[in-house]
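Now for the letters of each chain:
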Amino acid sequence: MTWVNAVVQGVFLGGLYALFACGLSLMFGVMRIINLAHGDLAILGTFLVWALVDRLGVSPWVALVPALPVMLGVGYLLQRTVLARSLRGGPLIPLLTTFGLAIVIQNALLRAFSPDVHSLGAPAGRISTASLRVTGQLSVPVFGLLVLAAAVLVLGGLHLVLRRTGFGREMRATAQDPDTAALVGIPASSVYARATAIAVATATLAGVFLAIRSTFDPSAGPTQLIFAFEAVVIGGLGSLWGTLIGGIVLGVAQTVGGTIDPQYSILAGHLVFLVILAGPRGRSIATRSAP
Amino acid sequence: MTTGRRVRRSSTASRVASGCVVVAALALCGMPYMVTANVVQQLTSLFIFLILAVMWNALAGYGGMVSVGQQAFIGAGAYGTIFLTQWGISPYPAVVLASVGSAVLAALLSPLVLRLRGGQFAVGTWVVAEVLALLVTFDHDLGGGTGVSLRGLNVYGPDLRRAYTYWITLAFALLLLALVFALLRHRTGAALQAIRDDEDAAASVGVRVRPLKALLFVLAGFGCGAAGALTLANTLFIQPQSIFGVQWTAYMIFMVLVGGLGTFEGPIVGAVLFFTVQYAFADAGAVYLIGLGLVAVAFALFLPRGLWGLFAGRAQIQLLPVGYRLEDSAS
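So the protein sequences, as listed, match chains X and L.
The first sequence begins at 1 in the numbering used here and counts up by one.
The second sequence begins at 1 in the numbering used here and counts up by one.
One or more hints might be untrue.
As the list claims (entries may be wrong) - Quick look at which bits of chain X chain L covers, simulated, 3 or more residues with Cβ under 8 Å:
| id | segment |
| --- | --- |
| 1 | 25 to 34 |
| 2 | 80 to 87 |
| 3 | 108 to 121 |
| 4 | 139 to 146 |
| 5 | 200 to 213 |
| 6 | 268 to 275 |
Stated by the list, open to error - Some chain X residues well away from chain L (every beta-carbon gap over 12 Å; in silico):
| id | residue |
| --- | --- |
| 7 | Leu92 |
| 8 | Ile103 |
| 9 | Leu162 |
Think of the hints as simulated: they come from the structure by calculation, not from any bench.
Even for Gly, the Cβ is constructed at its ideal location relative to N, Cα and C.
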């Protein structure tokens, strides 16, 4: 029964990782860059929500209402100012720029909020601890279900937007060939800015779920970036549903590893990633990603 | 009289500069006789930064590989040294063996991580570093998460110990500079820069991309392993969180970007600058790191060839003859 429980917990954790990963996957799919500041931007958004909760005494859900549009704006401006310029500098410059940004955000948060560990679990109320009892030994946390549902909604919504709407068509066209897309009147810079905005906002949502589920601190960003990246690679690049599967595989690996011995939890996730990379699928990762 | 053009590899400036490098290297060897032990220790850490900058520049500036995980090899070098001394090997030979061990580790990992490119390679190497850090924390013989001291160096007096560590660090720095110089002078240099500019285009004109990238990765594994082992010999104590910390990558990126990505002289300039900045501002903590990050972003966006690129571009000068020059010649 412990094992079933571990797998169930892992699936819910995987929902959280998929939510972190979808923005990373979207930016990679559209712009062919890995945003090394992705995790730190998520934590920046989480601190914004935490500050609103702390100052105004509102619930995290209410705080998300102003915070998400703000983070959409942050993402949009980030692309318009810094990333647009770095994209013109060749393949290395966006990596160096986003890594520099990650250092700046992390240490700015450290300076502003101290290295203390915070949680949004208590302000979120009973939902963070409530659980549904399925059988005698198996109970399902309500919050886990909520996170998984949110991940499915966000990923499904993005999928529909990409497939069914005019904006999605523009995004796919720019991803395939920005120059040709520009010829028919789709400015790449505007598409990129909107993709970055969506990525930062979904990362913020994931960060808030993380903060309600457990804890966060100014240096939590890089770990979330690594998990998100692992989820993307495990699930296969360029597929949003693959990202959900990847997140779940990573989550299950971590909880099952943690059941063997708590200290093996994160290592087990890394090992699954490395095994996938070493396997036959790993061979095609770089070729598939070639612009 | 006909005018033609011919290709030269060196110029008067580069011949003078090469001579100066040799004189400077000899002068640096004599440093422990001239300055206090404390200064010798500081100079040792300067040369460790120099090794790191040169290695990261070799990876990113010539191979187009932005690694965020070189701390994997820094940690492997340091913990390799601890492991070997626990087996009864004396510390300085252990430093050399651990560096070679890091190169072997890099050779074993290269088929795996070189499957990735660009940002994927960056995060992939980071995962490798995290895995090694976790494995070390699980091992109680290596001190677990609390850290471990290097024993066996107390057979030397403190002054002599610092001098020995300084000389071996200087030797590693010169060896690695010479290796990179030889790589760039050889025809691999042109091939490597072609890979950096466009991997697919380089492959299409017959550059063997994969073995060359693997070669650089192994060289960087060796150099970063040496830097880690020497850091241990210089400070005598390490903790997994700091030796496997991603701040090493931040330092390397800062040094190489400010000095000049993809230039031979740039990382040397960057290392000296970073050493000065570190000495002056390290106590400022978070603010100092915010500053480092902002400067790195500014250089990446506005001056990607760094200070040396700016200077060399303006002055039309290359101090060390790694490239080719086209000159008018009367004949």
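Status of each hint after checking the structure:
With a threshold of 8 Å between beta carbons, the proposed coverage of the segment 25 to 34 of chain X by chain L holds, since 4 of its residues qualify and at least three are required. As drawn, the segment 80 to 87 of chain X meets chain L at 3 residues by the rule of a beta-carbon pair under 8 Å; at three or more, the given contact holds. Counting residues of the segment 108 to 121 of chain X whose CB lies closer than 8 Å to any CB of chain L gives 3, so the stated coverage by that chain holds, three being the minimum. Closer than 8 Å: that is the beta-carbon criterion, and the segment 139 to 146 of chain X has 0 residues meeting it against chain L, so the requirement of 3 is violated.
Under the rule that three or more residues need a Cβ within less than 8 Å of chain L, the assignment of the segment 200 to 213 of chain X is violated, with 0 such residues. Proximity of the segment 268 to 275 of chain X to chain L, defined as three or more residues with a beta carbon under 8 Å from a beta carbon of that chain, is established by the 4 residues found. Listed as a non-interface residue, Leu92(X) fails to keep its Cβ farther than 12 Å from every Cβ of chain L; the least gap is roughly 6 Å. With a minimum CB-CB distance of about 4 Å to chain L, Ile103(X) fails to clear the 12 Å threshold, and the non-interface call is violated.
With a closest Cβ-Cβ approach of about 21 Å to chain L, Leu162(X) is found to remain outside the 12 Å limit, as its non-interface label requires.
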